[in-house]
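Fit chain to chain and form the complex, with the hints in mind.
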Amino acid sequence: MKITISEVLKGCTPGRMQSAGYMQVIPLISDMVDDRFGPFGKLLTSTSHYGTLCFENRSDSPTIFPLGAGVLTKQHAQNHASGRAKLMRANSEDSIDDAACIQESQGGTIGSGEHTMTILPYSIRNDAFEIKDQKEFGKLWPAIQEFNRSVGVRTMAHLEYYLEEFEKTLDEFIGQFEIVPNQVGAIIILNGQVAGIERAPNYEFWKELWKPLIRECYGSASLAFNKTGVKVSPPLGRMPVNDHKVKDLDSLEEQLNRADDYEWATVKDLIANFITQPFKVKQEEKDSTSGLCVETLTDGQFTGQIVRDSSFIMYASLMPDKNARFNTAANFSI
Amino acid sequence: MVNLPKVIEKKFVVTKGVDKILESSMSLFGTDMNRATHYNTIEDIQLSRAKVHNALFSLDRSLYGCIACLPGTTDTTKMFSVSRLLAAQWNEDDKPILTVDHERKIIDHLVSTLPPNRMLNLFNSFSTTKINNARMRKTVLPFILNSSSLEWWSVKYRKKLKNVLIHCWGKRMASVIEKILWKTNKTEKEFSILNQNITKYLVTSNTALVQECIAFVFEALEPTRYVAPLFKKYYNARHDFKEAEGLPKEVIEGIRTTFHPKVDKAETLKVAEKSMTVKEKRLVQNQAKKSDVKVEWDPIKQPLVELFVYGFKMGFDSKVKGAINSKATVAAKTLPFNYKYIGILCDDSFSMSGSSDQKLKALAINYATCKMLQQFGSKTITSCVSDRTFNITNKPAGGTNLAKPFVSLLKHNPDAIFIVSDGYENAPEGRFNEVLKIAKDKLKIDIPIYHFNPVIAAESKTAAKKLSDDIVVTPVTNPEKMGLGLIKTLISTDPKSGILELFNLVLPKLEKTKQLYARKAIGR
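For the protein sequence lines, the chains are B and H, in the order given. Positions in the first sequence are counted from 1; adding 4 to them yields the numbering used here. Positions in the second sequence are counted from 1; adding 19 to them yields the numbering used here.
Derived from the structure by calculation, the hints contain no laboratory data. Every residue gets a Cβ at the ideal spot worked out from N, C-alpha and C, and that includes glycine. There could be a bad hint or two in this list.
[To be verified] Computed list of lysine-lysine pairs in DSSO-like fashion (alpha-carbon distance at most 27 angstroms, straight line):
| # | chain 1 | residue 1 | chain 2 | residue 2 |
| --- | --- | --- | --- | --- |
| 1 | B | Lys211 | H | Lys414 |
| 2 | H | Lys423 | B | Lys249 |
| 3 | B | Lys249 | H | Lys463 |
| 4 | B | Lys46 | B | Lys78 |
| 5 | H | Lys531 | B | Lys251 |
| 6 | H | Lys157 | H | Lys531 |
| 7 | H | Lys414 | B | Lys46 |
| 8 | H | Lys219 | H | Lys178 |
| 9 | B | Lys251 | H | Lys463 |
| 10 | H | Lys378 | B | Lys172 |
| 11 | H | Lys281 | H | Lys309 |
| 12 | H | Lys485 | B | Lys231 |
| 13 | B | Lys272 | H | Lys423 |
| 14 | B | Lys249 | H | Lys414 |
| 15 | H | Lys485 | B | Lys215 |
| 16 | B | Lys211 | H | Lys531 |
[Claimed, not checked] If you want a taste of the chain H side facing chain B, the calculated C-beta under 7 angstroms gives, among others:
| # | residue |
| --- | --- |
| 17 | Gly417 |
| 18 | Gly418 |
| 19 | Glu448 |
This is chain H alone, in the form it adopts within the complex (with noise of 0.2 angstroms):
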């Protein structure tokens, strides 16, 4: 293990440029969701995070790897982290910070936070980005094989994992494999050939399963010879659609279409209730409501940001209301914070509509934060900017009036403030800075403001859309997880123990992140 605080010292402390990169690219990392916003295309969010990916990977690709670990990360992040990191050679010349070790818990640990769609996606898309090297199906072939949940992902996922499976062997491989499967009697050389493909990644799965799951993703036999309960439950539910129970719900909706079409679609719902994911019963309750089936879900166990965008649409019950209150204050008790008094000011213009592809999730994001905040310190006060009372249920309306309920906030004595907002200022545009100077030179007033910025504003070299550069912007997608805006926020002020800082809560981390499969095995 090298010095760390005498590396970061000599590699990034005394470099100029460094702490633009930083900021950046945390900027980034927390709020890119690979979709168009209020003010960017979708074409203006790529081209931005190709730039500042390869800015800081250039920098050097540990502390690439350990920011794209930080909690608070977005999803897309770690997908475009984990394939830039297998995409490049591991070179020691370039002395990146840690070992080759360390980087593959990195890619390891990026991965395993992934949900599991989003994880297939990834490996699917290896194939279009054409990263196909040892280290990739040292990453892939584990990760899918020792799934417990392989079984399920087969039935759900199957095309995608083809895909992907034929992707990691290659088409003749597969080819090969599959019509190996096939067969009942195997000769000593077709065993070979699926130790060295199947078996030799399996730490503790059952050899047995994980050959049938593999020959029913490539429908390599014929229906009757699968044992596994879900196989057989699939070919079964085409002729009795009770079958479908404990089939996961697209593909009980998809047999009910082919084979059933008589049966109401309300049904699916009956049928898949028991296998859905909290997720997935959160998402279809407009569904049942119309079609007056009652799908239970607990939304104590759904994200904090995910319960507003849910309330937004179908309202906020007492339930909904009562998981948004105990989710916030866990979060608020993860802010490394200790105000007794804060001003909350949130912006709730028109502008946090969102785009047509993400209809009101920055407001949801937004308001989470406000509710987080209003949990933490013994006393809070909250103005918005369109002069209304906060209320989770008020929709985006009117300008952003910032500078006016600043200062009302500031007559009130709190120890700290936090903004909530996109940044953008229009009565009138700069007003707030304005403002905020007069209060800082004039008056003296020298509490600590922060600005948590929701909206990825490509345009803005920061990538998240400053207020002032009097006032650190750290970006928003998931309150809940704020360990990268944290990290941010102290590398701005202090870059050394900052990034140390960084790495002291990366590392333990990786350690701690479950290994799949027998590395020394398989070697590098």
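Same shape as in the complex, but just chain B (with noise of 0.2 angstroms):
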């Protein structure tokens, strides 16, 4: 299988666009779910060493530990996080050794249990996939602290740091974007450009995934991006109504569609541009008996890791790859 965006986006079709601030999230519509991966929160998970993340599936159906995915709890022990997908068949036991821990100075395992989960700030999840390899659990520690500093909390490697500072701000961006019928995954722009290419097996995974990937993951990005003052207005990719060619409602409702059409055919180019370019696969776990594969794509535009079976993508999270040459072109503007 020759795999592209457009083969990662097999069998969705984009929702209306919803903006707010500086970052926009085009909605990815499918009837076309595959309906035998559970929910992710359900797995039990515990740390056996540091760096080693343990996971149990109790239930009949396979699952995805999410690309990017940390555990948080409040036992005295130390939070973990991996920069990896992990497939989880039904009714198993397996574990991730190179996973790295997230709080610097916290010692002690996890003990199993449903932990609540998260995923890494974008940035910090970037990293995470980079050295997913890397067999050293204090890995992140740098990423966390320099993301730390950036957002303006204490500068030390604990990722809680920056879930308690900013929980009130992030429960509002996440209030600003919602979920929408048949949705299993999303494109997300920040400031015009693609931030990131999420897709989920089915409705009710998408819809677990959607509070810590858009809260937290995608949230930081908004929050760095507003932290830097750069002031822009209308925000990028945003285009106005234009009141000058308004003469009655009839106008003003063209005015407005133009407005909306502007803003989606400039984000289509945007996409159009790098859906047919092939990655470069490497497979990093196979099951034998259903299939399943999780698979590194590199090479193209965007990184990032799927779980696929021979004829179909349902599991993808991709990011922009920072050597590719649609991330040196010049941010997109109208």
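Here's what the structure looks like:
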């Protein structure tokens, strides 16, 4: 199978774009859902050693531990996260031994249970993915310290400082975006650039992923952008209604549609630039019984991981490839 | 009585910042349900509440009390306001706009409009909030001891009542009273103690029954000595479950699980049916359906919003739909508007799902408000932000696109437009305000536009999120009681007449508040 963004988004149609502040979310809607997959929040997670995340799936359905997911616990134990997606077969136990600690000065291993899940802040998730194969439990500490510094919280490798400090801001942030019926994913645009492409196997999985992904991961990117103090009016990618051409209600409606269409067309152009470029694929793991596998995609404009079987991609988490040509291009503007 | 117009002018209209305090407090008072929302945690809401209440109280405690008395304030607001008024000593030097007698009536009015469980929760909270003064006792004891439902309360809220009475009397005195009630022959001194702590608060109540209720609450008598029917049933039901008929449902269930564990749970519903309130009957419909027991209830006696909450869970049968229509029609008659043709823009987007502890409540308020507005005027047109046709069975879905349906409504040339939305817009954010400004400034469309907001947003300075600075936002929790919201709208357009109208609305209500006890006999 030749993997392209177009293949990743196969079976999806874009929903109406949602826009607030500097972020836009294009919902991906699909009737082609994969109901085989159950919720990941029901996974029992623990750590056996520093850097080893253990999972137990007691459900009769397989599930996916999402890329960049972290486990937060109130136990006296070190919170952990992983830069890779993990496929969990039904009624199985497994582990990741290259996970990372996200709580520098906290000791102790996590006892097995249903713990709160987060998705790492945007910049940290990208770093975590890049060094996902390194077996060094302190590997994310520099990235967390840098991130905490950039958003103005205590410069220590404690992710919870960010989550606690910005709890209210992040709640407000996610309140601005809404899940639409049959949504299974989203294209996220930040300040006129595609910041991520996310796809889940089904609506229920997406509903579970929505809050940690939009609130904690992409919310951090919006937060960091706002901290830069760069003011753009109107925000890039946002087209105001042209009041000069409004004479009556019909023309107001026309201009309103034009503004919406223009925004949509420019976003479509932006996405069209890269949807057919093929990725270089590296298989990370494969379940021989179901044929499901986890693969890492690189060398396109984007990089990330997918979960697929022989015919269909049911999970994807892609972020811009730092080295790609597209990202060196100028920001989108009208 | 002071010269209200003059005092209002002097105290409120010319003072800077009053408009903002009034706006934020009235927004909060109409929406505060002490629960987390889709957007805010309970801690945010508590913080926001304390700030808003303090600001208004500092402005004038009479105005504070009167706003809390407006129809449409939530029970949480009433409870918090009573605590605030009782906690702060009356001080003439502050020159409150009304008198101490008015304040007493305000407190009585607020307490008397609370349902019994919340009233007792409020009284119970005084021990944790450390409100322990004569004014508190003179509020709490008469309300409890003069209640015609004291026997019922004693069974249903036994522990709560005990705590409240202990807080009022103090541990030592409560223990003394308990011992006196146990005695068959009481001395003169003991009668005097009972008189000081119980009898002097009674107006028309049966003293013997009140004392028996207190004895029951404190478990001061042997079971065989009770003569009140409910107390006898309470003890007899331990041996014969059928004797429980007439007791509160929770108590029956408690007796079943403790003394008759072999009796099927469905029996509780059968035995309790006669004594259940309409609300309880509505709430057990799901359980009754599962247990194949029929519990009849009358939807018309339930609040409009609760009928929607019920409908989302159990479905809208013809009885519920009929009740919704007739209640919405009655509620529409109370609206002080005079439009013939109105446009309604209903927000049925995903954020209307509410938080996990009040699921779909925001949508229920939205739909109830829309239904009420649909009964208003001779012609209405309703559009939804989700692009669906308005239907009360639609669950929240999709983004919030207000601008397009707003323009569509304008094209129908209505006399006014009512937007019922939580104020969070994302398709895109700010588009509605853009379109509104063009319609007003460029097309000179100048019809009244109202924004009813069902969600408390603690992060917003005005407590209920606005769609535009050009539209006054009116918070709604109960569309059947819009007094608060409408006075708020009046104040924002004309502060002086709005505040005057507020006093004109509240003061007659205070005069009508039933005086539960002989004030003169116990003094202030």
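Violated hints - listed by number, lowest first: Hints 5, 14, 16 contradicted; others consistent.
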